[in-house]
Amino acid sequence: MNNSLIIGQYVPGTSIVHKLDPRTKITIIFFYVFTVFFANSLPSYGVLVVFALASMLTSRVPIRFIMKGLTPVWFLIIFTFILHLFVTKEGTVIFDVWIFEFYSGGVIQGFAISIRFFLLILVTSLLTLTTTPIEITDAIEDMLRPLNKVKFPVHELALMMSISLRFIPTLMQETDKISRAQASRGVDFRTGPIKDRIKAVVPLLVPLFVSAFKRAEELAMAMEARGYQGGEGRSKLRELKIELRDIMVYLLFACVMAILFLTRTYS
Amino acid sequence: MSKRLIEFRNVSFRYGEEQPWVLKNLSFEIYEDEWVAIIGHNGSGKSTIAKLVNGLLFPQQGEIIIDGQQVNEASIWNIRKEVGMVFQNPDNQFVGATVQDDVAFGMENRGVPREEMMKRIDETLNAVGMQDYRLTEPHRLSGGQKQRVAIASVLAISPKVLILDEATAMLDPSGRQEIMETVSKLQNNQGLSLITITHDLHEVVQADRVIVMNEGEIWDEATPRDIFSKKDELRKIGLDVPFVAILADELNQVGITILQEPLNHEELLEELWTLHSRT
Amino acid sequence: MDITFENVTYIYQPNSPFEHKALDDVSFHIESGSFVAIIGHTGSGKSTLISHLNGLSVPTEGIVSIGDYHLSKEDKPKNMKELRSRVGVVFQYPEHQLFEETVEKDIAFGPANFDVPQDEIKKRIDAIVPAVGLPTSVLERSPFDLSGGQMRRVAIAGVLAVKPDVLVLDEPTAGLDPRGQKEIMEMFYSLHKEQGLTTVLVTHSMEDAVKYADHVIILNKGSKYMEGKPEEVFTQKESLNQVHLDVPEMVRFINSFKERFGEEITFEKQTIKELAQMIKSVVKGAKV
Numbered sequence: 001m002n003n004s005l006i007i008g009q010y011v012p013g014t015s016i017v018h019k020l021d022p023r024t025k026i027t028i029i030f031f032y033v034f035t036v037f038f039a040n041s042l043p044s045y046g047v048l049v050v051f052a053l054a055s056m057l058t059s060r061v062p063i064r065f066i067m068k069g070l071t072p073v074w075f076l077i078i079f080t081f082i083l084h085l086f087v088t089k090e091g092t093v094i095f096d097v098w099i100f101e102f103y104s105g106g107v108i109q110g111f112a113i114s115i116r117f118f119l120l121i122l123v124t125s126l127l128t129l130t131t132t133p134i135e136i137t138d139a140i141e142d143m144l145r146p147l148n149k150v151k152f153p154v155h156e157l158a159l160m161m162s163i164s165l166r167f168i169p170t171l172m173q174e175t176d177k178i179s180r181a182q183a184s185r186g187v188d189f190r191t192g193p194i195k196d197r198i199k200a201v202v203p204l205l206v207p208l209f210v211s212a213f214k215r216a217e218e219l220a221m222a223m224e225a226r227g228y229q230g231g232e233g234r235s236k237l238r239e240l241k242i243e244l245r246d247i248m249v250y251l252l253f254a255c256v257m258a259i260l261f262l263t264r265t266y267s
Numbered sequence: 001m002s003k004r005l006i007e008f009r010n011v012s013f014r015y016g017e018e019q020p021w022v023l024k025n026l027s028f029e030i031y032e033d034e035w036v037a038i039i040g041h042n043g044s045g046k047s048t049i050a051k052l053v054n055g056l057l058f059p060q061q062g063e064i065i066i067d068g069q070q071v072n073e074a075s076i077w078n079i080r081k082e083v084g085m086v087f088q089n090p091d092n093q094f095v096g097a098t099v100q101d102d103v104a105f106g107m108e109n110r111g112v113p114r115e116e117m118m119k120r121i122d123e124t125l126n127a128v129g130m131q132d133y134r135l136t137e138p139h140r141l142s143g144g145q146k147q148r149v150a151i152a153s154v155l156a157i158s159p160k161v162l163i164l165d166e167a168t169a170m171l172d173p174s175g176r177q178e179i180m181e182t183v184s185k186l187q188n189n190q191g192l193s194l195i196t197i198t199h200d201l202h203e204v205v206q207a208d209r210v211i212v213m214n215e216g217e218i219w220d221e222a223t224p225r226d227i228f229s230k231k232d233e234l235r236k237i238g239l240d241v242p243f244v245a246i247l248a249d250e251l252n253q254v255g256i257t258i259l260q261e262p263l264n265h266e267e268l269l270e271e272l273w274t275l276h277s278r279t
Numbered sequence: 001m002d003i004t005f006e007n008v009t010y011i012y013q014p015n016s017p018f019e020h021k022a023l024d025d026v027s028f029h030i031e032s033g034s035f036v037a038i039i040g041h042t043g044s045g046k047s048t049l050i051s052h053l054n055g056l057s058v059p060t061e062g063i064v065s066i067g068d069y070h071l072s073k074e075d076k077p078k079n080m081k082e083l084r085s086r087v088g089v090v091f092q093y094p095e096h097q098l099f100e101e102t103v104e105k106d107i108a109f110g111p112a113n114f115d116v117p118q119d120e121i122k123k124r125i126d127a128i129v130p131a132v133g134l135p136t137s138v139l140e141r142s143p144f145d146l147s148g149g150q151m152r153r154v155a156i157a158g159v160l161a162v163k164p165d166v167l168v169l170d171e172p173t174a175g176l177d178p179r180g181q182k183e184i185m186e187m188f189y190s191l192h193k194e195q196g197l198t199t200v201l202v203t204h205s206m207e208d209a210v211k212y213a214d215h216v217i218i219l220n221k222g223s224k225y226m227e228g229k230p231e232e233v234f235t236q237k238e239s240l241n242q243v244h245l246d247v248p249e250m251v252r253f254i255n256s257f258k259e260r261f262g263e264e265i266t267f268e269k270q271t272i273k274e275l276a277q278m279i280k281s282v283v284k285g286a287k288v
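Residue numbers (the UniProt record's numbering), protein chains in the order written: chain A, 1 to 267; chain B, 1 to 279; chain C, 1 to 288.
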């Protein structure tokens, strides 16, 4: 069962979206997120939607995985829509129910906000679906490198992130193991009053902390034995490389942005 | 006589002022290309020796000399290049996100260029039979596989000494076998000194020399064959005597004289066969 | 308590991309009071199997019966807690479950959860601590200050203090040195005898299985591969090697002996002393 564990949501694949340099993906998403708030006309939204859907299809990540990633935010999207429906009193009244009147402006704004929200979540989850956490870490380390000049511990941060990622499955297995052991000793994690259930967490958390500290200690010793002395003078096996495809994608994205700014209304 | 690689001179160690001595006035030598097994029950001080060798701990008394250099704060980084260590818990020494990242870790620390790393990753993963797992994540590997990766990681920095500090203790029998096979293959091919620390007498059979630890002192230092012959004493210090050794003893008891202490089934059967043919 | 598995199948994460059949149509019967060894490789389904014994897992198909408690998809016992008080499980590396401030509190944790009265708990602790080979002076200490071997004993005491009828042991000696291994196994064996427990031991050690078990179940890839008395199962070298399991060392020796001398010695759980006698009669036999 442990072999089925996936860290984050990464869905392995060989599409161009998968193969892009993670820095390219992060940069583009950053600008995309930024420009989502500039869209204000139907065609400009169209451009954004087309771009997001096109990336999604190119990635060849099965739709159900993408939808699964969106499940927790559906509620938020629908809630925002309804909120706008009730609160915005612009345009003409389209219909009324009981004491509520619904305006056209509300519908339009509700749609606009929901679409933005939806697009934001879609592109960011596309990043995590097509990029391994370790690639994201590498990209962050590389992109934060300028901060080294102001003594920001970029290497340490990246190492911390990658070790945490490395140990997530281990700690999850450990949690499962300890909760089974305590359940066998009569702890009930699932039923009973909240107060009891909170108390039931103690026999789970204490052993987890104890073991995490022990692991940390042993890992530190193993790292030291293997010659780790901090970031200075280290070489790197993982190498990020901007390829032709990255440049093509940047160009493509620039065009999309240009079209967006041409189609939005300025008034 | 080959070159002296590790030397302990009257070494004593304890974890704190108030603590009891873990090692008491310990002296021994280990030579180039030698395989030395250190055996003892839990708490006999055997793992402390390993940590002293590569400067993870420093002795309160005595000195430790590795390849001509005394182990101290100034020399540890040089010494850690010469002495590679594999620890007990397969999970808690796997640093990399994938197998190749883990093998690279030690080389990255030493600024080895990328092309060189790629080459050595290939070589060392081949040496431990893990070449098909380069991009595999640790949680998809068995304990034995993780330990083989740990060995490859150490080999990648071409040390002169490889220490396995109870590297098989947490493995199942097949994992244990994987490691023992890997290790004896390495010993044959690489011209590497090996120190294996264990509480399992089955794992000392192939060693050139065995150091038996008890209560922080060297209890005995001899060939595996000589050690095996001291059954009752071994039991007294909490060690387990292998089946063939006990059987040879029982055979002697019932009047079948086994002249040479057998190390494995074949040796005992050979001797029985000789006896049988003569009668 | 009798334990029966009837066509038990267990599927992890059914209907997901990670669906995995951990147990596949497993049936067997363990008689009350017997000592059973379950052997198989990592991933053979051993852990899943034992998690059915106290209802941590419920079969996807089939029925598990432990005494009067029945576990199936349709029918879970109403009082799972009661089942867990009667089936004690010592997990692998049980010292990882310790969490209380003192050894005494940690041992009392299980019995208290199962509503054993305080004075009774006290009585049980007094009896169990020496039985697992701990000095009573550790009771007031923090379990985290003890050595690994002692922590293991504290954890075991915590399970025994519940006074279960069935004792499930998942590689209870892993990581201990030979002396510790032997002491712990001997302790479980004498408890098994004295208290008439039903003991289920998951182990990699064929030697322990031969020494203690009166029944052996071999699992392979989620299915029952072999079953029987240890001397029956362990003499089938070919079948065991097929699933990459070894036979006990004595059986291996007897087999090579037979190859060399062409004379059969039967494996009947004899002592090494007895084996030496048998070898003698073959080796010296030519004389007569």
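Check before you lean on any hint, since a few could be wrong.
Said to hold, decoys possible - Restricting the straight-line Cα-Cα distance to at most 25 Å, the calculated cross-link-like pairs of lysine to any residue (SDA-like) are:
(1) C:LYS122 x A:VAL202
(2) C:LYS211 x B:ASN264
(3) B:LYS236 x C:GLU31
(4) C:LYS229 x C:GLU194
(5) A:LYS177 x B:GLU233
(6) B:LYS81 x A:ARG215
(7) C:LYS273 x B:ASN42
(8) A:LYS177 x C:LYS122
(9) C:LYS211 x B:ASN42
Since the hints were made in silico from the structure, they are not lab data.
So, going through the hints one by one against the coordinates:
| no. | hint | in the structure |
| --- | --- | --- |
| 1 | C:LYS122 x A:VAL202 | 23 Å, holds |
| 2 | C:LYS211 x B:ASN264 | 22 Å, holds |
| 3 | B:LYS236 x C:GLU31 | 38 Å, violated |
| 4 | C:LYS229 x C:GLU194 | 22 Å, holds |
| 5 | A:LYS177 x B:GLU233 | 40 Å, violated |
| 6 | B:LYS81 x A:ARG215 | 24 Å, holds |
| 7 | C:LYS273 x B:ASN42 | 29 Å, violated |
| 8 | A:LYS177 x C:LYS122 | 28 Å, violated |
| 9 | C:LYS211 x B:ASN42 | 24 Å, holds |
Checked against the numbered hints above, the structure breaks hints 3, 5, 7 and 8 and satisfies the rest.
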